[in-house]
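Got chain A; can you put chain B on it based on the hints?
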Amino acid sequence: MMTDDRYQLELGVLSRKLSPNLYRFFDLDTDEPYVVFGARTNRGNVYTLRIELDDFPESIPKVFVTRMLKDKRGHDLDSCSATMHTLTSENGRTRICHFGFDSWHPEVSIYKVFIKSRLWLEMYEQHLRTGKDIDYYLNHQD
Amino acid sequence: MNERELNNLSENVRKQGLGENTMTDLVYDPVTGEFKQVNKTESPAQGEVVTRMTEEGFALQEVA
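Protein chains in written order, with my numbering: chain A, 1 to 142; chain B, 1 to 64.
So that you can see chain A by itself, here it is in the shape it has in the complex (with noise of 0.2 Å):
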């Protein structure tokens, strides 16, 4: 569970680098809280992402483009897959693999698993005009 403490140098951080209609916190007083993250790419395409903060930042928040994204060959992207950086999705939404257990510490702030997720949408969107895997981008933690 997020502490004030925590939550005040979080927004804190977001504040300072993004502008503030960009990103909205939701349920903070409950057991299930989110920020929201409008992300604009490049090309122009708008996307929200959904982090989920229920155990963060002890564990590895869930990121989620709040619809189902497809691959360049029009399949969903609902599964965990090595090479194109996705989880199982849930409530149809595409599950972003940003961060793994071995590089994951509770210091990570979400302003950096916000840059991390909107790379990924960059290369996503890189993917479906190359036809290259998001992992041929996006190198693999160690």
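Read the hints as simulated data drawn from the structure, not as lab findings.
Where hints are given, some of them may not hold.
[Unchecked claim] For lysine-lysine, the following DSSO-like pairs were computed, each having C-alpha atoms within a straight-line distance of at most 27 Å: (1) B:K15 <-> B:K40; (2) A:K70 <-> A:K112; (3) A:K72 <-> B:K15; (4) A:K70 <-> B:K15; (5) B:K36 <-> A:K72; (6) A:K132 <-> A:K72; (7) A:K132 <-> A:K112; (8) B:K36 <-> A:K132; (9) A:K17 <-> B:K36; (10) A:K132 <-> B:K15; (11) A:K17 <-> A:K112; (12) A:K112 <-> B:K40; (13) A:K70 <-> B:K36; (14) B:K36 <-> A:K112; (15) A:K17 <-> B:K40; (16) B:K15 <-> B:K36; (17) B:K15 <-> A:K112; (18) A:K70 <-> A:K132; (19) B:K15 <-> A:K17.
This structure is a prediction, so every number in the text was calculated from the model and none was measured.
Using the frame of chain A, we list chain B on its own:
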């Protein structure tokens, strides 16, 4: 950003992830919401260098 620039950016992200030396840094511009490339010898006029995040790579395994 045109297609050639987008392709170039993506290839540089790949190279940086592989630990190859590139002449540019990856910068996230919070005003436009775009990624861009800036020569390493220059400071970005706007935005933050996020190359390190690329170099760290992405997750491989399933997480709970």
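Hints and how they fare:
no.	hint	result
1	B:K15 <-> B:K40	holds, 15 Å
2	A:K70 <-> A:K112	holds, 25 Å
3	A:K72 <-> B:K15	holds, 23 Å
4	A:K70 <-> B:K15	holds, 26 Å
5	B:K36 <-> A:K72	holds, 24 Å
6	A:K132 <-> A:K72	holds, 9 Å
7	A:K132 <-> A:K112	holds, 25 Å
8	B:K36 <-> A:K132	holds, 21 Å
9	A:K17 <-> B:K36	holds, 16 Å
10	A:K132 <-> B:K15	holds, 15 Å
11	A:K17 <-> A:K112	holds, 11 Å
12	A:K112 <-> B:K40	holds, 21 Å
13	A:K70 <-> B:K36	holds, 25 Å
14	B:K36 <-> A:K112	holds, 17 Å
15	A:K17 <-> B:K40	holds, 21 Å
16	B:K15 <-> B:K36	holds, 15 Å
17	B:K15 <-> A:K112	holds, 20 Å
18	A:K70 <-> A:K132	holds, 14 Å
19	B:K15 <-> A:K17	holds, 26 Å
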